[in-house]
Each structure stands twice: as structure tokens, then as C-alpha cells.
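Protein chains in written order, with my numbering: chain A, 954 to 1072; chain U, 821 to 1077.
No lab work stands behind these hints, which were simulated from the structure alone.
All values reported here derive from a predicted model rather than from experimental measurement.
Beta carbons are placed, not taken as given, at the ideal position from N, Cα and C, and that holds for glycine.
There could be a bad hint or two in this list.
[To be verified] Here are the in silico distance ranges between beta carbons for each label pair: (1) U:Q931 x A:L969: 53 to 63 Å; (2) U:T882 x A:V959: 48 to 58 Å; (3) A:L969 x U:G1029: 19 to 29 Å; (4) A:P1017 x U:Q967: 55 to 65 Å; (5) U:Q931 x A:A1048: 27 to 37 Å; (6) A:S1026 x U:M972: 37 to 47 Å; (7) U:I1070 x A:L1049: 35 to 45 Å; (8) U:S842 x A:L986: 54 to 64 Å; (9) A:L1020 x U:K983: 46 to 56 Å; (10) A:L1056 x U:I984: 24 to 34 Å; (11) A:E982 x U:K983: 22 to 32 Å; (12) U:Q962 x A:E1043: 55 to 65 Å; (13) U:N871 x A:L1056: 22 to 32 Å; (14) A:L1024 x U:V977: 34 to 44 Å.
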Amino acid sequence: MIRTIVLLFLGGWLLLMAIRSLRAMRLKERYALIFFFTGLPFVVLAYWPDGIVFLVEKLEIEKPTLLVLGLASFLILMLSKLLAVISVQERKITALTQMVAILMEKQGINRIPEHDQKP
Amino acid sequence: MPEDSTASPVTESSPSRRTPESVRVLAIVPAYNEAGSISQVVRDLKHHMPNCDIVVVDDGSTDATSREVPPEAVLIRLPFNLGIGGAMQTGYRYAQLHRYDVAVQVDADGQHPPDQARRVVQELLDSGADLVIGSRFYDPDQKDYHQTASRMLGIRVLRGLLKILTGKTYTDCTSGLRAANHRVIKAYASWYPDDYPEPEVVLLLHRAGFRVHEIQVHMKQRAAGVSSISMWRGVFYVIKVSVSLLLDTIRQPWPKE
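Can you make the complete structure from the sequences, with help from the hints?
Rendered as C-alpha cells:
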């Protein structure tokens, strides 16, 4: 009973997060999908707890540690995707910064003392 | 081992010979907190290369660097610190936008004498190479630039690694005094490494089929740190550069347009 509640709560929370951030335009659809697909299995497992046993048998996972390994590799995969996104954005920010600085020189507003004040 | 014979400077001038005065040259001086030296560096450059335009890229300095830049130089101020790679690329973007034939990098701390910068540009024009590096160790008989033993070891390690990765000897891949032709300017403007650009571009340019040459230059002695901290920093520098170079071998050098 407790297990069902916990799993339902976890799954429901993840799905709710996905929907909320989608509605508030805080998250792009493709990232919200990650929440959706990680939340869904929890909800399924809440109603069908033997599902995990079924999965383990079907995948022929004999040691529970392998399940942990699977989970870890999923998290690392998500992290690397995140880092790739950040790297591309860093490149774009650098390019924008460089072009802004070159434009400021062209506009002749690079030697104005007001710009000396650093935030 | 220097294996290229075109390195000796041509002394007789012919009417068709291209010189730093007959082509459009841009000197790129990236500066981060160099208020004490930047003015002198710009004036010296202007004195030795009067026809050369100078762009100072102030990489978000927190001191008076940008106020110290004389009006002879173009001043580009980055709104925040991008690091040496980002600052240097700003200069190359500027060179690409304004269609310069040659861009020469000069350090803002006064380590690179302007007459040596001029020689590097002249060598680029004479040799037809895409990039010319001013090396402190190209000529083994030159003993005027002294390094501490640990630094020399680091330079040797990087030289050996580049020899393995490219099959060519680059005696001073960390030297920041170098001149690039329009092809390299274009490549740099589209992509430039962030972390250790000097050694990395040598490998990447080689892999992309550019011709990289070296000539012997004289540099001013910098106050070489001998403290244990700077030694450890040097060890980590060599390790980090080596890893970056190894990673660069699996990277696509300059995607084709």
C-alpha cells in the first residue's frame, strides 16, 4: 500500500512538473519529454508492482546491481546531453559577445567613461 | 630539427617582393589587466610598423587597461572576460570583417619586440606559409633566451608529443608571436580553441592541411618564476595541454563550408 502511494506520488510529481513547466513556457518540449518518460514508469509500477520483476526476467538481469548500473548510465546520459547543450550555448554567447564588442567599436561607444563602471 | 630551408630572411629587395608595408597587416594585441605596459607596446608597434593597423582586445580588464590604450590603436572592449581564446578570436573576427591580408599576434606584456613581429610577418610573405610562428628555440645555437630547467622540460614534452602527432618538429608551439595569412584568419574567425589555443591550433592547422613554419626570434626575458607553486602550475599546464592535444586528434579540424 505504502509502496503504491510512494510510487504514485513520485510519478505524479514528475508528470506534474513536466506539465507545469511546459505551461509556464519555462521548458522546451523536448526537455519536458524527459520528465514525462521518467514519470510514466513510476505510475505504471504503482498499479503493477510485479512489472519490475517481469522486466528483470525479460531483460535477463540476474543481479540487482545491474539495475543500479542501468539507472546510473541513464543519469549520465542525461547529464552528457545537458553538458552538450551548455557547450553549444557557451559558443554562441562567446560569438555574440565578440560581435557586440566589435559593433561597439564601430559605433564609437567603446571609449566612453561610463562603460568603465563594472557591475 | 629545423628542416625547412626557406627560413633564412631574404635580404635583397626586389620590386615584386611583398613587404609588411605593401600588404594590409593587422596586429592583434589581447590585453587582460595590462594597464602598465599596453601604451608602450602599441607605440612601439606603430613605430616599427607604421603601416600596420593595431587592434587591442581588452578582455574585460578590471584595471585601467582600456583607458591606457593610445588613440593610434583600435580598442575593442569585451563586456566581460572571455579568456585568451575568446579574446584572440575577437581580433581575428575583426581582421576577417575588414579583410586584412595578414594578422600578427603580439602579447600585451611587452615580451614580443615589435621588430621581431615585423620579421615574422615578412617571413609569412616570403615563405608563402599559412602561419609563421616566432620560435625562441628554432636555432639551437641561439642561447640568448634562457629558461629554467623545468620549463625547458615542459617545452620538450610538448615538442615530442607534437612530433608524434604530426610527424613534424615545432620547436616552440606555445609561442604567442605568430602571423597568419587570410586563409588562417578565416579559419580562426569561424572556429578557435578556448583552452590552450597556441599549441592546439598548431596541431589542428596541420591536420587541416595548412602550412605552418617557424623562424627564430628574440624575445625579452620575462621574470621567470622559480617558486614551487609556479613549477606545479607548469606541470599541470603540460598535462592539460597534452590531454587537449590528444583530444584534438579525434576532433574535426575546421568543418568544411
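The hints, checked one at a time:
{"no.": "1", "hint": "U:Q931 x A:L969: 53 to 63 Å", "result": "holds, 60 Å"}
{"no.": "2", "hint": "U:T882 x A:V959: 48 to 58 Å", "result": "holds, 52 Å"}
{"no.": "3", "hint": "A:L969 x U:G1029: 19 to 29 Å", "result": "violated, 55 Å"}
{"no.": "4", "hint": "A:P1017 x U:Q967: 55 to 65 Å", "result": "holds, 57 Å"}
{"no.": "5", "hint": "U:Q931 x A:A1048: 27 to 37 Å", "result": "holds, 29 Å"}
{"no.": "6", "hint": "A:S1026 x U:M972: 37 to 47 Å", "result": "holds, 45 Å"}
{"no.": "7", "hint": "U:I1070 x A:L1049: 35 to 45 Å", "result": "violated, 28 Å"}
{"no.": "8", "hint": "U:S842 x A:L986: 54 to 64 Å", "result": "holds, 60 Å"}
{"no.": "9", "hint": "A:L1020 x U:K983: 46 to 56 Å", "result": "holds, 48 Å"}
{"no.": "10", "hint": "A:L1056 x U:I984: 24 to 34 Å", "result": "violated, 43 Å"}
{"no.": "11", "hint": "A:E982 x U:K983: 22 to 32 Å", "result": "violated, 50 Å"}
{"no.": "12", "hint": "U:Q962 x A:E1043: 55 to 65 Å", "result": "violated, 41 Å"}
{"no.": "13", "hint": "U:N871 x A:L1056: 22 to 32 Å", "result": "holds, 26 Å"}
{"no.": "14", "hint": "A:L1024 x U:V977: 34 to 44 Å", "result": "holds, 41 Å"}
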